[in-house]
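> Read off the chains here:
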Amino acid sequence: MTVTTSLPSARRCLAPAAGVLAVVGLVVGLTAAGSPDVTRARVERSLTPSFTRLYVDQQRVLGHEVPAASVAARSACDRGGPQVADVGAGADWICLVDFTDQTGVHQQGKFELQVHANACYTAAGPAKLLGGFTIPDTRGRDVTNPLSAFDVCFDPDA
Amino acid sequence: MSTDAARGIRPGPGTRRAAAAPRRAGTWAAYRWELVKLAALVRTRATLATVLVLPPLVVLLLRGQRAPADTLFGRHVHDSGFAVPLLLLGFAAQYVFPLLTSVVAGDVFAGEDQHGTWKTLLTRSVSRSQVFWAKTGAAVTFAAAALVLLTASSTVASVLLVGHQPLTGLSGQSIPAPHAAVLVVGAWASTAFPLLGFTALAILLSVRTRNPALGVVGPVVLGLLMGLAGSLGGTGWLRRALLSTPLEAWHGLFTATPFAGPLVQGAVVSLLWTAACLAAAHRSLCRRDITGG
Chain A
1 MTVTTSLPSA RRCLAPAAGV LAVVGLVVGL TAAGSPDVTR ARVERSLTPS
51 FTRLYVDQQR VLGHEVPAAS VAARSACDRG GPQVADVGAG ADWICLVDFT
101 DQTGVHQQGK FELQVHANAC YTAAGPAKLL GGFTIPDTRG RDVTNPLSAF
151 DVCFDPDA
Chain B
159 MSTDAARGIR PGPGTRRAAA APRRAGTWAA YRWELVKLAA LVRTRATLAT
209 VLVLPPLVVL LLRGQRAPAD TLFGRHVHDS GFAVPLLLLG FAAQYVFPLL
259 TSVVAGDVFA GEDQHGTWKT LLTRSVSRSQ VFWAKTGAAV TFAAAALVLL
309 TASSTVASVL LVGHQPLTGL SGQSIPAPHA AVLVVGAWAS TAFPLLGFTA
359 LAILLSVRTR NPALGVVGPV VLGLLMGLAG SLGGTGWLRR ALLSTPLEAW
409 HGLFTATPFA GPLVQGAVVS LLWTAACLAA AHRSLCRRDI TGG
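Respectively, the protein sequence lines represent chains A and B. The numbering used here puts the first residue of the first sequence at 1, with every later residue one more than the last. The numbering used here puts the first residue of the second sequence at 159, with every later residue one more than the last.
Worth flagging that the hints you see were computed from the coordinates, not collected in a lab. Just so you know, not all the hints are guaranteed correct.
[To be verified] Just the calculated beta-carbon pair ranges, DEER-fashion:
1. A:Asp92 x B:Leu219: 30 to 36 Å
2. B:Leu430 x A:Gln107: 46 to 52 Å
3. B:Leu383 x A:Ala22: 15 to 21 Å
4. B:Phe249 x A:Asp92: 25 to 31 Å
5. A:Leu26 x B:Tyr253: 23 to 29 Å
6. B:Ile448 x A:Gly34: 27 to 33 Å
7. B:Thr278 x A:Ser35: 51 to 57 Å
8. A:Ile94 x B:Pro334: 16 to 22 Å
9. B:Pro334 x A:Gly29: 41 to 47 Å
10. B:Tyr253 x A:Gln107: 38 to 44 Å
11. A:Leu14 x B:Leu318: 55 to 61 Å
Don't be surprised by glycine CBs; every beta carbon is placed ideally from N, CA and C.
All chains, please: the whole structure from these sequences, using the hints.
Listed below in structure tokens is the structure:
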């Protein structure tokens, strides 16, 4: 302990520099390590069941009882076209969701996803196919459309 | 025991008696004094009053507004009273939590420098180490009190003013009211770990800079920088090592298949930050040459 009080000035200057270097090294090392949290498979795996639940919700609001199994949704996602790898956060994710609507007709909806680094995203649905911000319920009141836009989070470790 | 060796560097008039005094009782007495000092501060009372009063006001303001859709659960604030405390939590995680604790922890050591009271304080029959743990304990107590009040105020105000409708979760599933209430409280409680980390960070800055302003503002700026770094994609494990990331770990509670990985990682990361900051602050205080003031 007493040694530190009589440290030569050169060592006193070097100690903080070494500390800064250690922190910078740690930051660079951590940034380089690990695999991406946001991947195509995780986005698709989380979007399909979320869409299905919200579609069933929306149809219930509109007065139709639709069993979840009959929706038979599938999603195919892509980030930024064929040139960009389908990983990482960004507002340029597009997902095509294939599903069967309440009348039994096959439909395809294009969702625009804003994916965040925290493994959550906001999906905005096609208004023509799935309705706007509000929809009328069975009693004619305007209520929030569950499919207009919705938030989903997924496990970055799964 | 290294602290006794550290005190040996500059033996003051009180140190000999401190060694003879029962250690636990000394820290406990000092801790109670620190709490009395904190309770007398206008800033402490004002902060606690604010966290109690502000959430109901925000809930009232939100009622007349279009739902804020840019934060998680924002689009559901008119549909369920359980969405509002989660919107507030998401907002607080970005801007409020570091300040909530640094307003006290950033000042608790540096305030003695500012008022030149270190010498008076250290003539009491407690060691520097005991003073350190007493002040740290007081700062942690304040942070815990602020978190409990903020949680209670946000949740109770939202449920009373908006209602206890089922909550739409983060996989589009509907969460029934009693379960949603448990999850909301759990989500707020999960931020106790990073809040402890920010408290330790503020204490470190408070000890090292000896400047209350830097101690209070430093953790806020560092918290914002860490949040910014975490929101950039492609940072690998850096994101998980940041102290701001555990503030978002509660998202996993609200999916259809809940996941606890980020919560566990966040708790470990927060405790590592806490241990590192407190160790550095303790070492710095015990080795400091306190002759002026």
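> Could you tell me which of the hints above the structure violates, numbers in ascending order?
Numbers 6 and 8, in rising order.
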